[in-house]
Amino acid sequence: MQPITNMVEKFKDDAKKILLAHGSGGKLTHQLIKSFVKKFRNLPLAKLDDSAVLKFKGKLAFTTDSYVVDPIYFPGGDIGKLAVNGTVNDLAMVGARPLYLSAAAIIEEGFPLVDLERIVDSMNRAARVAGVKIVAGDTKVVGKGGADKIFINTSGIGLIDSGIDISSKNARIGDRIILSGTIGDHGIAILSARERFDFRTKLKSDSQPLNRIVSQILKVSKKVHTLRDPTRGGLATSLNEIAEQSGVGIDIEQEKIPVKEEVKGVCEMLGFDPLYIANEGKLVAFVPERDCRKILNVMRKNRYGRDAQIIGTVVSRHKGRVLVKTSVGGERVLDMLTGEQLPRIC
Amino acid sequence: MCLAIPAKILKIEDNLALVDMAGVRRQADIRMVSNARVGEYVLIHAGFAIEKIGKKDAEETLQLLREII
Amino acid sequence: MKFVDEFRDKAIAERIVKKIERFDSFKVNLMEVCGTHTMVIFKQGLKGMLPKNVNLLSGPGCPVCVTSQEDIDKAIELAKDRNVIITTFGDMIRVPGTNSSLEKERGNGADVRIIYSPSEALRIARENPAREVVFLAIGFETTSPLIAASLLDAQKEKIDNFYIFSSHKLIPPAMEALSKSKEVRIDGFICPGHVSVTIGSNAYKFIAQKYNVPCVIGGFEPLDVLQTIYMLLKQIKERRVEVEIEYFRAVHPQGNRIAQELIAEVFEVSDVMWRGLGTIPKSGLRLKRKFSDFDAEKEFRPKTKKSKENPDCACGEVLRGVKKPTQCKLYRRICTPEEPYGPCMVSSEGTCAAYYKYG
Chain A
1 MQPITNMVEK FKDDAKKILL AHGSGGKLTH QLIKSFVKKF RNLPLAKLDD
51 SAVLKFKGKL AFTTDSYVVD PIYFPGGDIG KLAVNGTVND LAMVGARPLY
101 LSAAAIIEEG FPLVDLERIV DSMNRAARVA GVKIVAGDTK VVGKGGADKI
151 FINTSGIGLI DSGIDISSKN ARIGDRIILS GTIGDHGIAI LSARERFDFR
201 TKLKSDSQPL NRIVSQILKV SKKVHTLRDP TRGGLATSLN EIAEQSGVGI
251 DIEQEKIPVK EEVKGVCEML GFDPLYIANE GKLVAFVPER DCRKILNVMR
301 KNRYGRDAQI IGTVVSRHKG RVLVKTSVGG ERVLDMLTGE QLPRIC
Chain B
1001 MCLAIPAKIL KIEDNLALVD MAGVRRQADI RMVSNARVGE YVLIHAGFAI
1051 EKIGKKDAEE TLQLLREII
Chain C
2001 MKFVDEFRDK AIAERIVKKI ERFDSFKVNL MEVCGTHTMV IFKQGLKGML
2051 PKNVNLLSGP GCPVCVTSQE DIDKAIELAK DRNVIITTFG DMIRVPGTNS
2101 SLEKERGNGA DVRIIYSPSE ALRIARENPA REVVFLAIGF ETTSPLIAAS
2151 LLDAQKEKID NFYIFSSHKL IPPAMEALSK SKEVRIDGFI CPGHVSVTIG
2201 SNAYKFIAQK YNVPCVIGGF EPLDVLQTIY MLLKQIKERR VEVEIEYFRA
2251 VHPQGNRIAQ ELIAEVFEVS DVMWRGLGTI PKSGLRLKRK FSDFDAEKEF
2301 RPKTKKSKEN PDCACGEVLR GVKKPTQCKL YRRICTPEEP YGPCMVSSEG
2351 TCAAYYKYG
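From first to last, the protein sequence lines are chains A, B and C. Numbering follows our numbering, with no gaps: position 263 of the first sequence is 263. Residues are numbered in our numbering as their position in the second sequence, beginning at 1, plus a constant of 1000. Residues are numbered in our numbering as their position in the third sequence, beginning at 1, plus a constant of 2000.
Do not rely on the hints blindly, as some may be mistaken.
As the list claims (entries may be wrong) - Derived DMTMM-like pairs: lysine to aspartate or glutamate, alpha-carbon spacing no greater than 20 Å straight-line:
{"hint": "1", "chain 1": "A", "residue 1": "Lys59", "chain 2": "A", "residue 2": "Asp165"}
{"hint": "2", "chain 1": "C", "residue 1": "Lys2052", "chain 2": "A", "residue 2": "Glu331"}
{"hint": "3", "chain 1": "C", "residue 1": "Lys2156", "chain 2": "B", "residue 2": "Asp1014"}
{"hint": "4", "chain 1": "C", "residue 1": "Lys2043", "chain 2": "A", "residue 2": "Asp273"}
{"hint": "5", "chain 1": "B", "residue 1": "Lys1056", "chain 2": "C", "residue 2": "Asp2005"}
{"hint": "6", "chain 1": "C", "residue 1": "Lys2010", "chain 2": "A", "residue 2": "Asp251"}
{"hint": "7", "chain 1": "C", "residue 1": "Lys2002", "chain 2": "B", "residue 2": "Asp1014"}
{"hint": "8", "chain 1": "C", "residue 1": "Lys2010", "chain 2": "B", "residue 2": "Glu1067"}
{"hint": "9", "chain 1": "C", "residue 1": "Lys2288", "chain 2": "C", "residue 2": "Glu2265"}
{"hint": "10", "chain 1": "C", "residue 1": "Lys2043", "chain 2": "A", "residue 2": "Glu331"}
{"hint": "11", "chain 1": "C", "residue 1": "Lys2018", "chain 2": "B", "residue 2": "Glu1067"}
{"hint": "12", "chain 1": "B", "residue 1": "Lys1008", "chain 2": "C", "residue 2": "Asp2005"}
{"hint": "13", "chain 1": "C", "residue 1": "Lys2019", "chain 2": "B", "residue 2": "Glu1067"}
{"hint": "14", "chain 1": "A", "residue 1": "Lys325", "chain 2": "C", "residue 2": "Asp2009"}
{"hint": "15", "chain 1": "C", "residue 1": "Lys2047", "chain 2": "A", "residue 2": "Glu253"}
{"hint": "16", "chain 1": "C", "residue 1": "Lys2018", "chain 2": "A", "residue 2": "Glu331"}
{"hint": "17", "chain 1": "B", "residue 1": "Lys1055", "chain 2": "C", "residue 2": "Asp2009"}
{"hint": "18", "chain 1": "C", "residue 1": "Lys2010", "chain 2": "A", "residue 2": "Glu253"}
FYI, nobody ran anything at the bench for these hints, they're computed from the structure.
Next up, chain A with everything else stripped away, as it sits in the complex (with noise of 0.2 Å):
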């Protein structure tokens, strides 16, 4: 019979981590449910009703995202962050007003509490930053092994204002392309905390909410045509797309590409390119030609946007390809990212 000090350490050592039971409905997921209805405060989640009831008038937007991202903490953010501003961005990609998210998460049984705490606080803070409120959530427990970690899915409604039709399809022929900042800075981030390459810098991860620069964007000039935030496959693979689904080609000139000099070592010490590595807080904007300086100047303005530029053309070659000219002078094709991007050295 094990001394009964030692079985209260053991109590102890459970209560501060996910258990099983905690996913099973009865008294622990109340518990937790509780302390999440707190934290994130307001009305519609305070009800605890089956569902949150929300009244609208006009176009939807609606969107779903997931978040796996591993390590969960990294310079600049963590995996909630992350899930938040993910979400909010691609409700503001269509120029939709992001008012309310879900946000529903799958634990693994043996995840610390006070860790579960942490990333519910940091989701509550970048709701706050972007002014959008978590009034539904979920959590699963799973056994070991059934996840790494947590895993957190994020879902989004926000409001389109009349006028407003941005989609990737739309981008016309002589329209400018504008970058909201510098690009690379999140994937790097990541992978400096993975420890793998061993190396260290002072890159922080550029998650953050572009619901209000598009605003303000929108206010400027509501014929913005298309906007994207480039995220997995970086800006390579975004403009790519809006090549395709627009059926254009876009011209893209290296030099006025803005890339952290930190960024810019890791890549050439590991062989990447900038072009394919993930962002979290930056956008592209495809606007008239007749628009684009005063778009280009209410983005400087905005916090998120001090580092944007113009940096390349839709043209009517060459449909469906991205033509970079280079930094020498010279000129490739910028495909879509195939595969990893592995670390080459030879």
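Given the structure of chain A, go ahead and fit chains B and C onto it with the hints provided.
Chains B and C only, in chain A's frame:
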């Protein structure tokens, strides 16, 4: 076949150096570069310094390219 | 980035191109031996900047691409051993062997890890004393000194679970084989900058003297490559046949002595098979007998059934400069970076990959 990039030596301890490539810091094995000194630039390939970059030679190369000499 | 950005200046590039354009009275085939040179040429769009009389041929300087099918199959066999941790540079993962690939084996549960430096492989060996760590040593003379150094460290620390599968090769013998073959007329060699850091420019003298082919050792920034091409054209025009160094900020005539000594201590020269070039005498490195405790082949004796290359894959001819990827039956139609049929499409320095990606 040979990705090697210029890095500045920040610190040396025996055969290891802390190097800086555009703000990215990493450890590098410098046993192949004799008399490497802090502040000098070396070529880093797969975590090893394979040679010193001659600063004067680099400048001379650029001048050649610019056709100044 | 210092020593990088200055060598990407557009105005200087234009000027060098103008100088190159003045050599318009003859057609030349210049071969860039090194896969990294191929990549720079394509990534920076240099081909399109050159006049039509300058034809660039890509050579066999992609270490993954010239690894024989048998060696790839052996590496895959080694991966199947559940006690083995395979450590490798990234490119090898997706190369298709006769029946599988390292990536596929990883999907089946094999422990295959991509590393940036051979010292990481040593670290993994230290941290996993119960497992056996095999490092797939591919690469030319830039890389073999590093593997030699790591192996000497392993010996000093008495690490007994660290092995090398040596597939190292040497560049000058390959250049000699190409010069001898006369399959393609090579009017000048753009010699690999970082291999030359190790072996020195003197190593190429025999190519110039015996085979009458001008050689210029070039750096890897776009201005380096353009200047190297200019220097080759100048030699040809002036009927000189020399070994010149464009990349003299890092390359010296005698090379890096310490690196050469490291190689000599650990490896000995052997006759090895090159994809596309056949067996070239004295063109590879194998571990000296005193290091046989670290030799993965001796320890594990990986057995492979008949190693077969895809008969329609033109990788071998591409590596010799005989065909361009566009002349391969499989290129783009069936062979793509997602579904590669040969290493030239999957390696980040493969010629087919360069053509496909950068058009």
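To see whether the hints hold, each was checked on the structure:
1. Between Lys59 (chain A) and Asp165 (chain A), the direct Cα distance comes to roughly 11 Å. Compliance with the 20 Å bound is thereby established for this hinted pair.
2. Between Lys2052 (chain C) and Glu331 (chain A) the CA atoms are separated by roughly 16 Å; this keeps the pair inside 20 Å, and the hint holds.
3. Of the pairs offered as hints, the one joining Lys2156 (chain C) and Asp1014 (chain B) holds, with about 16 Å between alpha carbons and a cut-off of 20 Å not exceeded.
4. Annotation: proposed proximity of Lys2043 (chain C) to Asp273 (chain A) holds, straight-line Cα distance about 10 Å (limit 20 Å).
5. Annotation: proposed proximity of Lys1056 (chain B) to Asp2005 (chain C) holds, straight-line Cα distance about 17 Å (limit 20 Å).
6. In summary, the hint linking Lys2010 (chain C) to Asp251 (chain A) is supported, as the alpha carbons are separated by about 18 Å, within the 20 Å threshold.
7. Restraint check for Lys2002 (chain C) and Asp1014 (chain B): not satisfied, since their Cα atoms lie roughly 26 Å apart, outside the 20 Å limit.
8. Pair hint Lys2010 (chain C) plus Glu1067 (chain B) holds up; C-alpha atoms about 14 Å apart against a cutoff of 20 Å.
9. For the given pair, Lys2288 (chain C) sits about 8 Å from Glu2265 (chain C) by alpha-carbon distance, which is consistent with the 20 Å threshold.
10. Between the alpha carbons of Lys2043 (chain C) and Glu331 (chain A) the distance comes to roughly 8 Å, so the proposed pair stays at or under 20 Å and holds.
11. Distance hint between Lys2018 (chain C) and Glu1067 (chain B) is fulfilled; the C-alpha atoms sit about 13 Å from each other, no more than 20 Å.
12. At roughly 15 Å between alpha-carbon atoms, Lys1008 (chain B) and Asp2005 (chain C) fall within 20 Å of each other, so this suggested pair holds.
13. With a C-alpha separation of about 11 Å, the suggested pairing of Lys2019 (chain C) with Glu1067 (chain B) holds against the 20 Å cut-off.
14. Restraint check: the Cα-Cα separation between Lys325 (chain A) and Asp2009 (chain C) comes to about 13 Å, which is no more than 20 Å; the hinted pair holds.
15. Taking the CA atoms of Lys2047 (chain C) and Glu253 (chain A), the gap is near 18 Å; set against the 20 Å cutoff, the hint holds.
16. Distance hint between Lys2018 (chain C) and Glu331 (chain A) is fulfilled; the C-alpha atoms sit about 17 Å from each other, no more than 20 Å.
17. The straight-line distance between the Cα atoms of Lys1055 (chain B) and Asp2009 (chain C) is roughly 18 Å, inside the 20 Å bound, and the hint therefore holds.
18. Between the alpha carbons of Lys2010 (chain C) and Glu253 (chain A) the distance comes to roughly 13 Å, so the proposed pair stays at or under 20 Å and holds.
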